[in-house]
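With the hints as your guide, set chain B onto chain A.
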Amino acid sequence: MSSALEVDKVISHLHPEGSFDLADHPVPTGREEVWRFTPLKRLHGLHQEAPFGAGACTVEVSAAEGVVVEQVAADAAERGLSGLVPTDRVSARAWAAADGATVVRIPQDAVVEGATTISHTGTGAELAGAGHTVIIAEKFSRSTVVLSFSGSAVLADNIEIIVEDGAELTVVSLQDWADDAVHHSTQHASVGRDASLKHVAVSFGGDLVRHDATASYAGPGGSVEMLGMYFADEGQHIEHRLFVDHTAPHTKSNVIYKGALQGQGAHAVWIGNVLIRKVAEGIETYEENRNLVLTDGCQADSVPNLEIETGEIEGAGHASAIGRFDDNQLFYLRSRGIEENEARRLVVHGFFNDLIRKIDVPALEEQLLATVESELEKNVLKAF
Amino acid sequence: MSTLEINDLHVSVATEDGDKEILKGVTLTIKDGETHAIMGPNGSGKSTLAYSIAGHPKYTVTGGTVTLDGDDVLAMSVDERARAGLFLAMQYPVEVPGVSVSNFLRTAKTAIDGEAPKLRTWVKDVNATLQKLDLDASFGTRSVNEGFSGGEKKRHEIAQLELLDPKVAILDETDSGLDIDALKVVSDGVNRFIEDKDKGVLLITHYTRILRYITPDFVHVFVNGKVAESGGPDLADELEANGYDKYVSAAAV
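In order, the protein sequence lines correspond to chains A and B.
For the first sequence, position 86 (counting from the first letter as 1) is numbered 86 according to our numbering, and the numbering increases by one without interruption.
Each position in the second sequence, counted from 1, maps to that position plus 1000 in our numbering.
Here chain A stands alone, though its shape is the one from the complex (with noise of 0.2 Å):
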């Protein structure tokens, strides 16, 4: 298959080729790249040949005033949409398994108030899901939409992002799974001209999220924010795999991920990927994951990577951190005669209330919060 871009073909371990047909994507070992930091053993067989079957979630879609949200059958028009191919192998079997699509459709010029939700519980059914979700940000829209994922369940699905000619877009996929749920999803975003993208995950629960988020651009002047917060607590795998691939001149991309771990055997991984094209001339990209390590036995890997083809850009850069508790914080909180528990409370609320306010969902704010207390509350508070 072509690409929809007209830009040069470039080779980069950064862009793997994609393709539909399974028999380009080998069962993985771990030995690859792509899949060194995931436990395979703990996908419950998605990347082999785990059957795929109806009912592991049920969803729930709350349109906000003037959202179109409909079903359509696999075969559908808007399905590859936004130009993704899978480039792995759970992404690909996600494809050709998933029985239709869920659309969310925000008409030209319509200004939507409020999130429009859809909500994916997961029903402790047997047999995985495949899902399937294209949002379509028509031109010149403004709006925000919600995907949210609890429950018990293991989950393969790809969604779809367009963002057209100057629409603004806020997408947020918040994985707030059961603690034994699997979910590998795979989420890419054509941004195009002058138009804006925010995207933001969240990922709280689970026993294992794979969570692969890319954007590509149609044309020149588009922005994207990718924004990612994640808890990871003890045995949990928390996994965000990011690439912008600036396909476009004057385009710009702002990414930063912040998570904490705690707890034997938590483990976040962050990679992130910007590739600059020789035609993507006069670009301005920022990546940033910073790490919170909140306990002893936790694993944070954290990965930039910067590939550059034209010098003709505006600015490039990456900052990567994996600390723990800063002494210096601590003791100047503490000295102010703030308890020790009290000012980690702080610290901890402090790191992460930057990018809240950031993400800036207001439905979302109070839910955030109270998540990070209550993540607190697992550990950091009990420990002294």
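16 Å max Cα-Cα, derived EDC-like pairs, lysine to aspartate or glutamate: (1) Lys1058(B) with Asp326(A); (2) Lys1184(B) with Asp1134(B); (3) Lys1167(B) with Asp1113(B); (4) Lys1058(B) with Asp327(A); (5) Lys1167(B) with Asp1196(B); (6) Lys1184(B) with Glu1152(B).
I should point out that these hints are in silico values taken from the structure, not numbers from a laboratory.
Here is chain B on its own, set in the frame of chain A:
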């Protein structure tokens, strides 16, 4: 009445070459209404004294005592010391991203008093204090020390001093990096604390400049980890004229 008594304090710090003794027997008594200036060259241990009294984990007390109204300060945790009535205005206040100044001040006040301050009077108090220190009311919404200018950091320290109202304050080079206007604003704040409330202050400084605005009752020359000489305010004038050379060379012998 409050008294901070430091008696024969020895403090060391871990270095690559093993423990190094920084404070070598410091003895000082600070009573209500007294302002003690500690002056000394770089590396004499002035800041170590401040941080040791506040309980910074980097420093190990190897001998001596520190008591506040007879209570053993060294046996207390960092936050217990603050709740007992000690306050350290830091030379390099620490950034706490995402925690607003107003949240921080309220949390600290609640911790010190053991109960939340009454909302209405508290907001008034905070705004009045910020205003006196030439800090905008919007200051409260900013993250603690993040992106603050040098002057803003110091004025924020003094705002805390006035609002938390400790028994004894230690000011660690609060004058460093301030232009003359900021220095006056900060000094006024310290003077309000000293004069209006009759509190004890330990003022650590490298320069005599701040002593034009805050008049000390006692001046101590601090060299090589201990007090080399003590005197009245005129000792500061002598240091201004002659520097620390005389004391440094005496200590080196």
